[in-house]
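The listed protein sequences correspond, in order, to chains A and B.
Per the working numbering: the first sequence = residues 6 to 211.
Per the working numbering: the second sequence = residues 6 to 211.
Please note: incorrect hints may appear among the correct ones.
Said to hold, decoys possible - Label pairs and their calculated CB-CB ranges:
#, chain 1, residue 1, chain 2, residue 2, range
1, A, P124, B, Q141, 39 to 49 Å
2, A, E148, B, M130, 21 to 31 Å
3, A, H111, B, V15, 27 to 37 Å
4, A, H59, B, S49, 18 to 28 Å
5, B, Q52, A, E161, 47 to 57 Å
6, B, I187, A, P107, 13 to 23 Å
7, B, S38, A, H111, 29 to 39 Å
8, B, E190, A, E195, 26 to 36 Å
9, A, G67, B, M130, 54 to 64 Å
10, B, K65, A, H111, 51 to 61 Å
11, A, Q81, B, G128, 41 to 51 Å
Just so you know, these hints were derived from the structure itself, not from any lab.
C-beta: ideal position from N, C-alpha, C; glycine also.
2 protein chains.
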Amino acid sequence: MPAKRVPDIVVARLPLYLRALSAMQNGGKEFTSSQEMAQWLGISSAQIRKDLSHFGEFGKQGTGYSVAGLQEKLRQILNLEREWPIVIIGAGNIGSAVANYPGFAHRGFRVCAVFDNDPKKIGSMVGIYEVCDVHQLPEFVREHDIRLAMIAVPAESAQEVADLAIASGITAILNYAPVNLIVPEHVRVENIDPVLHLQHMTYYLS
Amino acid sequence: MPAKRVPDIVVARLPLYLRALSAMQNGGKEFTSSQEMAQWLGISSAQIRKDLSHFGEFGKQGTGYSVAGLQEKLRQILNLEREWPIVIIGAGNIGSAVANYPGFAHRGFRVCAVFDNDPKKIGSMVGIYEVCDVHQLPEFVREHDIRLAMIAVPAESAQEVADLAIASGITAILNYAPVNLIVPEHVRVENIDPVLHLQHMTYYLS
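For reference, chain A alone in the conformation it holds in the complex (with noise of 0.2 Å):
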């Protein structure tokens, strides 16, 4: 991998490219071209090319890209030949529906707990996983070695849980409750708020 730093766009589309040769490996498919990468994704060929070159030479002459070798590649880079577990934290609608995700599995990671401070939901079952008292998670965390968790508490609570993590050992949070979470330099934080896609959306319609 080259010293030089890769913008972070460019990370963020990686993710995207992975799931696609995926797709196409379950479709049969052997090698793909930037163009047909392309068309998958709505993205332009040249820019697929642009990004993968930042991190060496994947494609051949004629045949192209090697779906299975790309995918391996990829995953190398993305820190995915290991097996990562999360933590989810918060055991209401969005959580279970998380925990209960099935996209995670052969994509690099493994749901290990679910947590909630809730008396009523605490022992009780979501999925396959029986709720956690918060209060466990530091613990939790510490032992298993932990650097993943997804928040999906209320928005009022989601800072002190990210604070309560983050002094636990997580450094990297997918957070769900639709406010700014405000972190250490360390730590990485992603959000998902479907009204920031749905506004990003309508600025295209009129």
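We have chain A; now place chain B onto it with these hints.
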């Protein structure tokens, strides 16, 4: 608004600015600065000023931005001065969670119906919504002139459902199914797949 096309990556950040300003207003703040917004958002103040400069001059020397005024301007830019009706297709875990998401109100959107094709779900309640038969979708979308749909069906049905929605008049899709939808040029798609976000973050973990 200037005739020059604003880069989509800039448009994508405007809803984040709007969300931060709204939180500031709830906290009683009347004025803010690009520096303060930068601290809230983890985006550089230069980037924020540059993004906003695409749409004119908003700040005042000395007082900075009016929190209410800048929100109003962003709502105009993002076409949020009206309320957009949305349909949700898929009444499973994710669809149900999204239908009950409290974050739509006062942000420009109103869920007006939930559809599914499962006879066991049709007629049942998802929060305040009675699940409708997906066969009724085309008529409903046309009758209520709906442009936005959220698709929360299994991956293998998503393309079929998208085709039906688009044929009915939908032009913007928020897609929760973990597949790339193939759509005509006049249709916009945004994807919500937690794994894409998690894989983006693991790039930075080691």
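List in ascending order the numbers of the hints, as given earlier, that are violated by the structure. Hints 2, 5, 7 not satisfied by this model.
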